[in-house]
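Enquirer: All chains, full assembly: derive it from the sequences and hints.
Here the protein sequences come in this chain order: A and B. 68 is the number of the first residue of the first sequence in our numbering; add one for each residue after it. 68 is the number of the first residue of the second sequence in our numbering; add one for each residue after it.
To be clear, the hints were calculated from the coordinates, so they are not data collected in a lab. One or more of the hints may lead you astray.
Identical copies go unnamed one by one, so any copy, or any two together, can satisfy a pair.
Stated by the list, open to error - Each computed DSS-like pair below joins lysine-lysine, with the alpha-carbon atoms no more than 27 angstroms apart:
(1) K205 x K175
(2) K191 x K205
(3) K191 x K102
(4) K102 x K205
(5) K175 x K191
Protein chains: 2
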Amino acid sequence: MTVAQKILDAEKTMGSGKSVESFTIGQLSRETGCKVPTIRYYEQIGLLPEPGRSAGNQRVYGQQHLSRLAFIRHSRELGFSQAEIRQLLELSDHPDQPCAEINAIAQKHLDEVNHRISRLESLKAELERMVHACQGGKVEDCRVIDTLADHAHGNCLTAEH
Amino acid sequence: MTVAQKILDAEKTMGSGKSVESFTIGQLSRETGCKVPTIRYYEQIGLLPEPGRSAGNQRVYGQQHLSRLAFIRHSRELGFSQAEIRQLLELSDHPDQPCAEINAIAQKHLDEVNHRISRLESLKAELERMVHACQGGKVEDCRVIDTLADHAHGNCLTAEH
DNA sequence: CTAATGTCTCTAGTAACTATAGCTTCAAGA
DNA sequence: TCTTGAAGCTATAGTTACTAGAGACATTAG
Ligand SMILES: [Zn+2]
Ligand SMILES: [Zn+2]
Ligand SMILES: [Zn+2]
Ligand SMILES: [Zn+2]
Chain A
68 MTVAQKILDA
78 EKTMGSGKSV
88 ESFTIGQLSR
98 ETGCKVPTIR
108 YYEQIGLLPE
118 PGRSAGNQRV
128 YGQQHLSRLA
138 FIRHSRELGF
148 SQAEIRQLLE
158 LSDHPDQPCA
168 EINAIAQKHL
178 DEVNHRISRL
188 ESLKAELERM
198 VHACQGGKVE
208 DCRVIDTLAD
218 HAHGNCLTAE
228 H
Chain B
68 MTVAQKILDA
78 EKTMGSGKSV
88 ESFTIGQLSR
98 ETGCKVPTIR
108 YYEQIGLLPE
118 PGRSAGNQRV
128 YGQQHLSRLA
138 FIRHSRELGF
148 SQAEIRQLLE
158 LSDHPDQPCA
168 EINAIAQKHL
178 DEVNHRISRL
188 ESLKAELERM
198 VHACQGGKVE
208 DCRVIDTLAD
218 HAHGNCLTAE
228 H
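Expert: Structure representation (structure tokens):
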């Protein structure tokens, strides 16, 4: 079933003349790719506003929840932290403001990603060196163990790690 | 009573006639670069064996603790998980065995590091693209917000993330 | 109507520590 | 010897971003 069909369906079942799109938590989950417990968790920590409830106490979401959750999900996929997402959401709620802050958050995140990459690159170099040095003998003579045991970093490219 | 006397005392109480060097937790911390609470934590989770205690109930470490903690620390610096370190320690306690398993653990870790790098590289590409697209206008028109809000990944290099 | 699936709340667990509180012990100076 | 400050002790809780489970209620397909 497509989104549009679901929306129409929801409208019909609510017998509403107005175009009220609504979703259960499961539908929202399928639409956004967020797991159901994750959606409830986002509500709990205040990332996603509390939705209305049906007669049977089940959550009823609207279009704005879908958009917001999709935003959150996409941001998480790009590695933004909850704190950063909170700021991004707050800023995106003020369309008239200049977007400098938004760009700054994204840039800062990019810097951090670059930093993580360079750290991992040096780990990679160390690990390759270590794995390469292993001659496949006994543990006693293993260069991997040697390297790890040598706290003076005698076998390391750098002692920075 | 001086430190030296206490150490001798501890050595005696440990039944050792040999000149066993011993350390307080603070000394161990300085030697290895592990913070004091981290050392206690490693003991708690069973990575580091329980040391002896002085008359005043303070931990008294020996050379073997120093070596083992240094090993742990170096492994952590290279990104090995606690579970991996546990295996490495277990294996290194059997010097007669072949070292194939050790190398396999290191190789597996290397693979994982490579995987993380490639993931971060694609995040980096996305983020650069996004940051670049921002023209510095109002939030309303910000391409960063656009990109994040678009769950269809219309502005993304790939939708894989 | 019934069975299956979906949803509810609440609690606790994950990795790998870090921080805090309130206490005791130790080393060294006056 | 007294005292003061640093170091050490235990125990608990917080961090990030969820995930898993238990046990009860709601909804829906056949
Ligand atoms: Zn080897
Ligand atoms: Zn090293
Ligand atoms: Zn912008
Ligand atoms: Zn995308």
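Enquirer: All the hints need checking, so say for each whether the structure fits it.
Expert: Hints, one by one, checked against the model:
In the homo-oligomer, the alpha carbons of K205 and K175 lie at most 27 angstroms apart only across protomers (19 angstroms), although the nearest pairing inside one protomer, at 47 angstroms, exceeds that limit. In this assembly of identical chains, the alpha carbons of K191 and K205 lie at most 27 angstroms apart only when taken from the same copy (24 angstroms versus 42 angstroms across copies). Proximity of K191 and K102 under a CA criterion of 27 angstroms is satisfied inter-copy only: 25 angstroms between copies versus 33 angstroms inside one chain copy. Taking the shortest alpha-carbon separations for K102 and K205, neither the intra-copy value of 47 angstroms nor the inter-copy value of 33 angstroms comes in at or below 27 angstroms.
In this assembly of identical chains, the alpha carbons of K175 and K191 lie at most 27 angstroms apart whether taken from the same copy (24 angstroms) or from different copies (12 angstroms).
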